[in-house]
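As a plain string of letters, each chain reads:
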Amino acid sequence: MVKPKIICVTGGKGGTGKTVVAVNLATMFKNKGFKVLLIDGDVENPNTYLLLNGKLKNKTEVLYFLPKILEDKCNKCGLCAENCATHALLHIKDSIPIPISTVCSGCKLCYKICPTNAIEADLKVIGWIYTSSAFNIDLFLGELKPSEARSAVIVKTLMKKLEEVIKIDQNKYDVVILDTAPGAHCDVEELISQADLIIPVTEPTRFGKLDLLRIIELINLLKREYKVIVNRSSLLGYKDKFLLELEEKGIEILGDIPLDEDIVSSYCQGIPLMEISRNSDKNGAGYKSFNEIFENLLKWGEFLK
Amino acid sequence: MNRKKIAVISGKGGVGKTSLVASLASIAHKDPFNKIIVLDCDVDAPNLALILPPKTKENIVSYDTFTTKKATFLEEKCTNCKQCYDEHFCEFGALDWDEENNIPILDYLACEGCGACKVLCPEDAFEINPVKSGEIIAYEADVGFPLIYGKTKLGSTTSGLLVSEVKEHATGLKEFNDANLILIDGPPGIGCPVIATVSGSDYIIAITEPTPSGLHDLKRAIEMVNQFNIPFGIVINKADLKSASQKELNSYIKKSSYEVLGRINFDLSIPKAMSYAEPVVDFAPESESSRSIKEIYKKLYLILSLKN
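Residue numbers (the numbering used here), protein chains in the order written: chain D, 1 to 305; chain F, 306 to 613.
Hints were generated in silico from the structure; no laboratory data involved. Computed from a predicted model, the values in this text were never measured in an experiment. Mixed in with the good hints there might be a few duds.
[Said to hold, decoys possible] Now the in silico label distances, taken between C-beta atoms and shown as ranges:
(1) D/W300 x F/N570: 38 to 46 Å
(2) F/Y563 x D/N279: 31 to 39 Å
(3) D/K32 x F/K382: 38 to 46 Å
(4) F/Y563 x D/K68: 34 to 42 Å
(5) D/K59 x F/P337: 19 to 27 Å
(6) F/P337 x D/E252: 33 to 41 Å
(7) F/S367 x D/K239: 28 to 36 Å
(8) D/G270 x F/S556: 49 to 57 Å
(9) D/K68 x F/T361: 54 to 62 Å
(10) F/I608 x D/D262: 39 to 47 Å
(11) D/R278 x F/G398: 37 to 45 Å
(12) F/K387 x D/K68: 39 to 47 Å
(13) D/N283 x F/P337: 52 to 60 Å
Ideal placement from N, C-alpha and C gives every residue a C-beta, glycine not left out.
This is chain D alone, in the form it adopts within the complex (with noise of 0.2 Å):
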C-alpha cells in the first residue's frame, strides 16, 4: 500500500451512529493487523474519545487572524472598513476602527490594504487539536472553542497534520478513518473530499432518509464512491421497506445494524463492541452484523491483508 485508504464516515442526520460505526470499523481494522489512524472531523463536538475511554494528549492551539489596529500608525480613513466583506470593523467617522471579532472572515485584506501598515496581523485561538492513542488505535482529534465559528478551520488543521504525517511516513497508517459532522455543510465537505471511500450511516425513519438523499448529493457532487449503513434497522419494522426505497434509487447498502442493547452498553461503557478484550456476545445481532458490514468493506476496498 502506498498511501493509506482514507474511508469517511458521514450520514447528515445526527445521532444516527455516525461515530458507533467509525470507531467499530477503527476497532476490527485494528483486530486484523491493519494500522488505524482515527480522525474526528466533528469538531462542534468530537466524541470518539468518549467511545474509547480515552485520554485527550498532546493539546495543540488552533491560531487564526485578528487584526489589531495600532492607534498610533492608523490615518483613520476607513479603507480597510470600507472592503471588510464581513462588516468585521466597524469605523466611525474620524475615529480609529473597531475590530468585530466574531465575525471577521480571516481574509487579512485589511492587513494587507492599510496605506499606513496601521494593522498588525494578531492571532486568536480558535480550537484545540489533540493526537493520542487508545486500543492501539492512534487518534487525531480536533475541538472548537465554544462560542468560536470557524469549525472549517479546525477541520483543515487536522487534515493537515495528516497530510504531514504520511509525508514523514508513507507506511505510517495502512488505514484512516474519518468521522464527521452531522449536516452537509464546509466541515464534513472538506472531509468528504478527501477521503476514498465513503459511508453514510443512516437510519429507517423519514428523517433518516431526507437527510441521507442530502449527504449523497454532496457526495455525488464531490464525485465520490460510497455505500450506506443503515442503522436502527429492525426499527418498527421498517426495515424491509427501507431497504427496498433504497433499491429503487440505485442507492448501494453496506450492511445493516439491528437494534442491541450490546451496543449501547458498549457506547456508554467506552469499549467498541468490536475490541476483543471486551466481552461481546459474538452471536449478538449488533456483533455479527459489524462483521459482515466489515467484510463487505474489505471487499469493497481492497483491502489486503
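On the provided structure of chain D, position chain F as indicated by the hints.
Here is chain F on its own, set in the frame of chain D:
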C-alpha cells in the same frame, strides 16, 4: 407585545430536537391565547416540514437566497503578472496558478467571496458576485400556523447566513406582529449555524440524553449559550436509559443548579409517531412521553410568562 423567541438546540445530533419542537408547537397552538410561528433553522437537514406539511400547495412561498458570494476571474483583463498567486492574495487556498495558460484558477468551493483578490488585483481582473446559496420555504402548516425553513444549496458554505435569512423572513410576515411565540428548531453542533440560531433568542431549550456523548455535547452547548448570556433550560430525553452517565448528568445538574424543564422517558410511541409523521402529543396524547412534554410546556409557560 410580549413576544418570546425560543430556540431548541442540543449539541449532539439525533437526541430529539425536532420531535420536541413539533410537540411543543402543537400544544402551544391549541392554547387560544397563543399565536405562534415555527422556524426550522437546521438548514443542512431540515426535517420539521415532514411533520408539519402545508395546508395547501398553493400557499407555499419559496424563493432562492443569494447569501453566498464567489469570485469570478476575468481573463480579458488579466496581464499575467502572477501577483495574485505570488503575493498570496487568497487566505482560503482558493487561488491557484495554471502554469500552462499562465493565468490564475479559482477553486469555487474553497472561495469565501471575501473580495481580497478583487481589491488587490492591480488590473481589476476579479469580480465578486452573489450566487445561489439555498432556498427559503414558507407556508401555513395544515395545523394552522406559519412554518418557515431554509435549505442550503449543497456546497455553498453558507449555513449561518441562511439561518439569519430564515429568521428575517419570519419578521416580515403579517402574522409576526400578532405572534407571541416564535419556536425555533436548531441545528446540531455549536458552530456558526447554531450561533446564528440562538442569537436574538429570549430562551434556549437544550435537549440531551444520558449518554457520555449527550452529556459532553450538552456542556459544550451550554458553554456557548452562556457566552451570549441567554437564559436556558434543560430537557433530558430517553431519561430512563441504563447508562453510567446518569450519575454524572445528575451531579452536573445538581452542581450547576441549571433549570431542568423536564425528563422524557423512552417510550415507543415517539418513534411510532415519527413514522406516521405526527407530533407524539397528537399521535398518542395519553402516552407517558406526551404527558412529560405537556409538563415541559407548562413549565416553559410559567418561566416565560407567555400570557401577558
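Tested hints:
Distance hint for D/W300 and F/N570: a CB-CB separation of about 40 Å, consistent with the stated range 38 to 46 Å. The beta-carbon spacing between F/Y563 and D/N279, approximately 37 Å, falls within the hinted interval of 31 to 39 Å. For the pair D/K32 and F/K382, the beta carbons lie near 57 Å from each other, so the given range of 38 to 46 Å is not met. Separated by about 37 Å at the C-beta atoms, F/Y563 and D/K68 satisfy the suggested range of 34 to 42 Å.
Separation of D/K59 from F/P337 is about 55 Å and departs from the stated range, judged on CB atoms against 19 to 27 Å. The hint said 33 to 41 Å for the Cβ distance between F/P337 and D/E252, and at roughly 52 Å that hint is violated. Checked against the hint of 28 to 36 Å, the C-beta distance between F/S367 and D/K239 comes to roughly 34 Å, which is consistent with it. A beta carbon spacing of about 18 Å between D/G270 and F/S556 contradicts the range 49 to 57 Å that was offered as a hint.
Checked against the hint of 54 to 62 Å, the pair D/K68 and F/T361 passes, with Cβ atoms roughly 56 Å apart. Distance hint for F/I608 and D/D262: a CB-CB separation of about 40 Å, consistent with the stated range 39 to 47 Å. Against the hinted window of 37 to 45 Å, the Cβ-Cβ separation of D/R278 and F/G398 comes to about 42 Å, which satisfies the hint. For F/K387 and D/K68, the Cβ-Cβ distance of about 30 Å falls outside the hinted range of 39 to 47 Å, so the restraint is violated.
The given range of 52 to 60 Å is respected by D/N283 and F/P337, whose C-beta atoms sit roughly 57 Å from each other.
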